[in-house]
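Listed below, chain by chain, are the residues.
Protein chains: 2
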Amino acid sequence: MGQSITFHKADKLKPKPDGSKPLGFGKFFTDYMFEMDYSMEEGWHDARIVPYGPISLDPAATIFHYGQEVFEGMKAYRTEDKRILLFRPDKNMERMNQSCARLNIPEIDEQFVIKAIKQLVAIEEKWIPNEPGQSLYIRPFIIGTDPALGVHPSSTYKLLIILSPVGSYFGDSMSPVKIYVEDEYVRAVKGGVGYAKTSGNYAASLKAQTKSEELGFDQVLWLDGVEHKYIEEVGSMNIFFKIDDEVWTPALNGSILPGVTRASVIELLQHWGVTVKEKKISVNKLFKKAEKQQLKEVFGTGTAAVISPVGFLKWNDKVIKVANGKTGKLSQKLYDTLTGIQNGKIKDELHWIQEVKTDKQEGAKEKEEEKTATVE
Amino acid sequence: MGQSITFHKADKLKPKPDGSKPLGFGKFFTDYMFEMDYSMEEGWHDARIVPYGPISLDPAATIFHYGQEVFEGMKAYRTEDKRILLFRPDKNMERMNQSCARLNIPEIDEQFVIKAIKQLVAIEEKWIPNEPGQSLYIRPFIIGTDPALGVHPSSTYKLLIILSPVGSYFGDSMSPVKIYVEDEYVRAVKGGVGYAKTSGNYAASLKAQTKSEELGFDQVLWLDGVEHKYIEEVGSMNIFFKIDDEVWTPALNGSILPGVTRASVIELLQHWGVTVKEKKISVNKLFKKAEKQQLKEVFGTGTAAVISPVGFLKWNDKVIKVANGKTGKLSQKLYDTLTGIQNGKIKDELHWIQEVKTDKQEGAKEKEEEKTATVE
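Residue numbers (this note's numbering), protein chains in the order written: chain A, 1042 to 1417; chain B, 1042 to 1417.
Source of the hints: derived by calculation from the structure; they are not laboratory data. Where hints are given, some of them may not hold.
Repeated chains share a single entry, so a pair holds when one copy, or any two copies, can fit it.
In silico SDA-like links for lysine to any residue, alpha-carbon gap of 25 Å or less [as the list claims (entries may be wrong)]:
no., residue 1, residue 2
1, K1159, R1124
2, K1068, N1145
3, K1320, K1333
4, K1252, W1085
5, K1156, E1225
6, K1367, G1295
7, K1248, W1085
8, K1062, P1194
9, K1199, I1096
10, K1252, I1361
11, K1050, S1097
12, K1252, E1135
13, K1199, S1097
14, K1252, R1143
15, K1219, R1143
16, K1219, D1078
17, K1320, E1225
18, K1248, E1148
19, K1231, V1324
When you get a sec, could you build the whole thing from the sequences and use the hints?
So, in C-alpha cells, the structure goes:
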C-alpha cells in the first residue's frame, strides 16, 4: 500500500498532564490520532493524521451490536539521549492480522501501519514522558462500521491509532501482586477467540476482575474452559513460573493470548541459557511444586506492566506466598533487561528495537540521500 | 424511575422504504431513536427521544476496546384493526438486566424502558409495515462510554433504542434452512458470557457463519465448548427437535442464550399437551434417532425468524434430510400460532401481548379518565 498519509493540523494544542502527578494508565490522550477507512471498493484508504476527537458512528454500526473489533497495545520509549524507540512493532502488527483473520476483518498492510505509528509518534514526540517506568502507550484498533443489523461481517471498517502518555500499569511497577485462581468464570476456550486481541475477551473478563478486587486481590488466574484444571493466563497478562532452575509457561493452545512480551521473555531466557518449558500446567501440579518449595518465582508479562511479579497466589483454601511476597531475582532481571532494551540503556542484541525518526531527523536524512543521489 | 422522556422533533422526516421491494433485516431505520445516559452520580438520566442520527464517542470509549455491551431484539406488530402489539417486552427487559449483571453494566428500570419503547414506537407508528411477515424491529442496546484504556467496567453508559422496519429474517420465512454441525469453532462455554446477549458472542460466531455460507449452508449448529458433543444452539437461534411425539431442546446450561421465543415455544407446546424435554442432547444421539426415523422435525426459534424449519443437517460425512426437506406440521403450527398471536389474529390466551397506545388513543383514554374522575 503505497498510499500517503495526510496531516490535518489542530487549531489548538492541549496542555500536557502535570508531570508531578502519576499519569495512570490510558487516562490522557495526545493532540492527534491516526484514522483510516476500509470499503470493499477502495480497500484501506484515506490514511490521515487528524486532531484527537470524538468519532461519529451510525447507532446501527456493527461495533455496537456484534463486537467486530481487534486492537493492539504497544509503547514508544524515550531514551536518555532523546531518541524514540518502539519495541517489536512488527510482532504487534503480525498479531493484529491474526486477530483480524479470526474476526473476519480485512487484513492490514503491517508495514504501512508501522509507518503510520511512527509518523504519529514523531508528531507527538513532546508527549512522550521521561520519568522511569513512563512511556507513550500506542493503541491501534479496528472497528466494524456498517449501519446494518443482520449478523454478518461488516463491509466497512475504521482503523484508528490513539496515543496515551502512561505510568506503569499497576502503579509502582515492581510491587508484587496478589492473584487467585478463578474457578467459576472462564475467559476463553479452544475454538473461541481467546488467542485474538478482541474486545469480547475483555468484556468477558470484567466480572471476575471485579470479583477479585472485591476479595482483595489484584488479578485472577484463569483456568482452561474445558476441565478447569490447567492454567491459561493471569488477568490480562501471560504467566510464568520459575520451578527450581527452569521456567514454565502455559503452551499456546488457541485460548491463550500470544503475548509479545511473553515471546520476548522466552527468547531472552533462552538467550541466557535458561531452560524454558511451554507446557500444559495444571494448577494442582503447581501447588504441589509450591508445597515442595520448588516454586521460586511467579510473574505476569504484558506490554502495559512489562513484568509483574506475583507475591500471593490463592486456590480455594490454599494460599502460596511466592518468593516471600517479594520480587524474585529473575523477575527483576527480566524487568531490568526488557525495560533497559526499551529505554536504550541496554544493547539490543536480539534486534527488537525500531527507532522513530522525527521530522527534523527525517529531513536531514532525506537531504543526505538526495546528496548521495546527486553524487552518483 | 419516575423520570420523564423529552421529545426533540426532527426538522425533516425521511422517505419510507419502497413497499414493493423486500425490506430485508435491519437495513432501514426510522426517524427517531431513544437515548438515555448513565453516570455514577446521576444514575440513568436524560431520557429523550431524538432524531435518528450518528452518535459521537471518544475514540478511547470502553465499547471500542473492551466490548462492554448488551442488547435486545424484539418487534412491534400491526394488527388488521390497526392496533400495535408488542410480544413479551417484559421478558426481553428481564433478560437485558441478566445480561447487564454478567457484563458489569448497571441495571435498568425494566418498566421504564418498556415505557420508552412504547413511546418511541407510538411516535413511529407510520413506520410499522403491514405486509405478512413484516414488523418493526426494536433494538435496545447499552454501551460503555468511559474514555479510558484501563481494563475496568465503564462508569458511564449510553442506552439507545433504534427501530427498523423488517421483512422476515431469512427472506421467505418458512423455507427450510440447511445447517451443519460446527466442530472446529466454538460459540461459548460454561463460565463465559454465552447466556448473555452481548456483542462478543456474535463477534465470535462470524467466522463459522461465513464458513457455513461458503460451504453452501445457511447456519451452523453449535456444540458445547467442553466436549464438542452436545448441541447448544443454531446460528443465532435456539434449536428444537421433534422426536416421535416429544419435543426436545437443549437445557439452558450457562452457555446457551435463553431465548424469549424458545421460552414461548416451550410454554405453547405444554399448553397444547405436548411433552417437552429440556435436556443435554448429544449430536450422536440425535443422528441415531434420525437413522431410526424418529427425528420428525427440526426448527430454530428466535425473534427475527420466529420459527425457522431445518431441512438438512450435516455432521461430518453424515447428512440428514429432515421432514423430507419441507416445513413440518408442528413447525408450521407453531409459526402460525406465534405470528397469529403477534398479529392479533389469534387470541392471546397466555397473556403475552402488550398494546402500544398512540398519542391519539392515549389522549382519548386520558380524557375518558379525566371524565371518570370528574364524575366520581
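Within, between, both or neither: K1248, W1085 at alpha-carbon 25 Å: Answer is between; shortest inter-copy Cα gap is 21 Å, intra-copy 36 Å.
Same-copy or cross-copy closeness of K1219 to R1143 [CA-CA at most 25 Å]: For K1219 and R1143, the Cα distance is within 25 Å only across copies (24 Å; inside one copy 33 Å).
Up to 25 Å CA-CA - E1148 versus K1248, copy category: between (31 Å within a copy, 14 Å between copies)
Homomeric proximity label, K1068 with N1145: Cα distance no greater than 25 Å: between (30 Å within a copy, 20 Å between copies)
Identical-chain pair category, K1199 with S1097, by Cα at 25 Å: Answer is both; intra-copy 11 Å and inter-copy 14 Å each pass.
Intra- versus inter-copy proximity for I1361 and K1252 (alpha-carbon distance at most 25 Å): within (20 Å within a copy, 46 Å between copies)
Intra/inter-copy verdict for K1199 and I1096 if alpha-carbon distance must be at most 25 Å: Intra 10 Å, inter 15 Å, cutoff 25 Å: intra and inter.
Within, between, both or neither, where K1252 and W1085 count as close if Cα-Cα is 25 Å or less: between (41 Å within a copy, 24 Å between copies)
Up to 25 Å CA-CA - G1295 versus K1367, copy category: Neither way: K1367 and G1295 sit 32 Å apart in one copy and 39 Å across, limit 25 Å.
Homomeric proximity label, K1231 with V1324: Cα distance no greater than 25 Å: Answer is both; intra-copy 18 Å and inter-copy 19 Å each pass.
K1219 and D1078: within-copy, between-copy, both or neither at 25 Å Cα: neither (42 Å within a copy, 35 Å between copies)
K1062 and P1194: within-copy, between-copy, both or neither at 25 Å Cα: For K1062 and P1194, only the inter-copy Cα distance (24 Å) is at most 25 Å; the intra-copy one is 43 Å.
Consistency with the previously given hints fails for numbers 5, 6, 16, ordered from lowest to highest.
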